[in-house]
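Chemist: Sequence:
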Amino acid sequence: MIYIISLRGVTMRTKNIKFLKFVIIMLGIIFTFLALYVLPLYANSMAAHYPEYAYLKNPLLFGIILTLLPLLISFFQAYRLLNLIEQNNVFSARSTNALKQIKRCALAIIILYMIGMIFLLIEDTLHPSLLLAGLSICLMTTVISMFASILKELLTYAISYKNENDLTI
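Numbering-wise, the UniProt record's numbering puts 77 at position 77 of the sequence shown, and it's gapless, one number per residue.
By construction, these hints were calculated from the structure, which means they are not laboratory data. Hints are not guaranteed to be accurate.
What the hints assert, rightly or not - Simulated pairs of lysine to any residue, SDA-like, Cα-Cα distance not exceeding 25 angstroms:
| id | residue 1 | residue 2 |
| --- | --- | --- |
| 1 | Lys21 | Asn165 |
| 2 | Lys57 | Leu39 |
| 3 | Lys100 | Leu84 |
| 4 | Lys57 | Ile30 |
To be verified - Across the chosen pairs, the derived CB separations fall in these ranges:
| id | residue 1 | residue 2 | range |
| --- | --- | --- | --- |
| 5 | Tyr79 | Asn44 | 28 to 36 angstroms |
| 6 | Leu39 | Glu86 | 42 to 50 angstroms |
| 7 | Ala54 | Asn16 | 41 to 49 angstroms |
| 8 | Thr32 | Asp166 | 17 to 25 angstroms |
| 9 | Ala48 | Phe76 | 33 to 41 angstroms |
| 10 | Arg80 | Leu154 | 17 to 25 angstroms |
| 11 | Lys21 | Leu69 | 41 to 49 angstroms |
Don't be surprised by glycine CBs; every beta carbon is placed ideally from N, CA and C.
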């Protein structure tokens, strides 16, 4: 949505974009902090309390930290997309590429979580709560992937329509 209402010289659109950029940066910082600092501390504590499952600590930490990479890439692409919107350059190939990257990152997260759940199932350690959490993450990520794909197709159509109109005198 594009707002034209001006509030003390700053448009509402600019405020919304700046807020979304702030949220993306904060989410990136929070998820990175949780994955690299809090989660290893929690994993060490759980390994001490449940030594029979201590052998799972490193593979699970590796998998979750590996999942952080596509998440951060998708945050970066969303930030780039907001920059393009802010510069009124949303109808470009860079926008469709950003949406394509977000879709690919979402699919990578789904694959990584499915591999992790299969690993836990093979090890006979897949607790129903872990299954529910993993499937919830996969479902949410599937929705994000589908939404990015639909937006990419709509944007591609809008770009071709805009290019056609630009050629018309």
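Chemist: Taking the hints in turn, state whether each one holds.
Modeler: The hints, checked one at a time:
1. Distance restraint check for Lys21 and Asn165: the Cα-Cα separation of roughly 32 angstroms exceeds the 25 angstroms cut-off, and the hinted pair is therefore not satisfied.
2. The straight-line distance between the Cα atoms of Lys57 and Leu39 is roughly 10 angstroms, inside the 25 angstroms bound, and the hint therefore holds.
3. For the hint linking Lys100 to Leu84, the alpha-carbon distance of about 15 angstroms falls within 25 angstroms, and the restraint holds.
4. The suggested pairing of Lys57 with Ile30 holds, with an alpha-carbon distance near 21 angstroms, which does not exceed 25 angstroms.
5. Range check, Tyr79 to Asn44: about 33 angstroms between beta-carbon atoms, so the 28 to 36 angstroms window is met.
6. In this structure the supplied range 42 to 50 angstroms is violated for Leu39 paired with Glu86, their Cβ-Cβ distance being about 34 angstroms.
7. For the pair Ala54 and Asn16, the beta carbons lie near 47 angstroms from each other, so the given range of 41 to 49 angstroms is met.
8. About 42 angstroms separates the C-beta atoms of Thr32 and Asp166, a value inconsistent with the hinted range of 17 to 25 angstroms.
9. At about 36 angstroms, the CB distance of Ala48 to Phe76 agrees with the hint of 33 to 41 angstroms.
10. In this structure, Arg80 and Leu154 meet the distance hint of 17 to 25 angstroms, their C-beta atoms being roughly 18 angstroms apart.
11. Distance hint check for Lys21 and Leu69: the Cβ-Cβ separation is about 21 angstroms, which falls outside the suggested range of 41 to 49 angstroms.
In this structure, the earlier hints numbered 1, 6, 8, 11 are contradicted, and the remaining ones agree with it.
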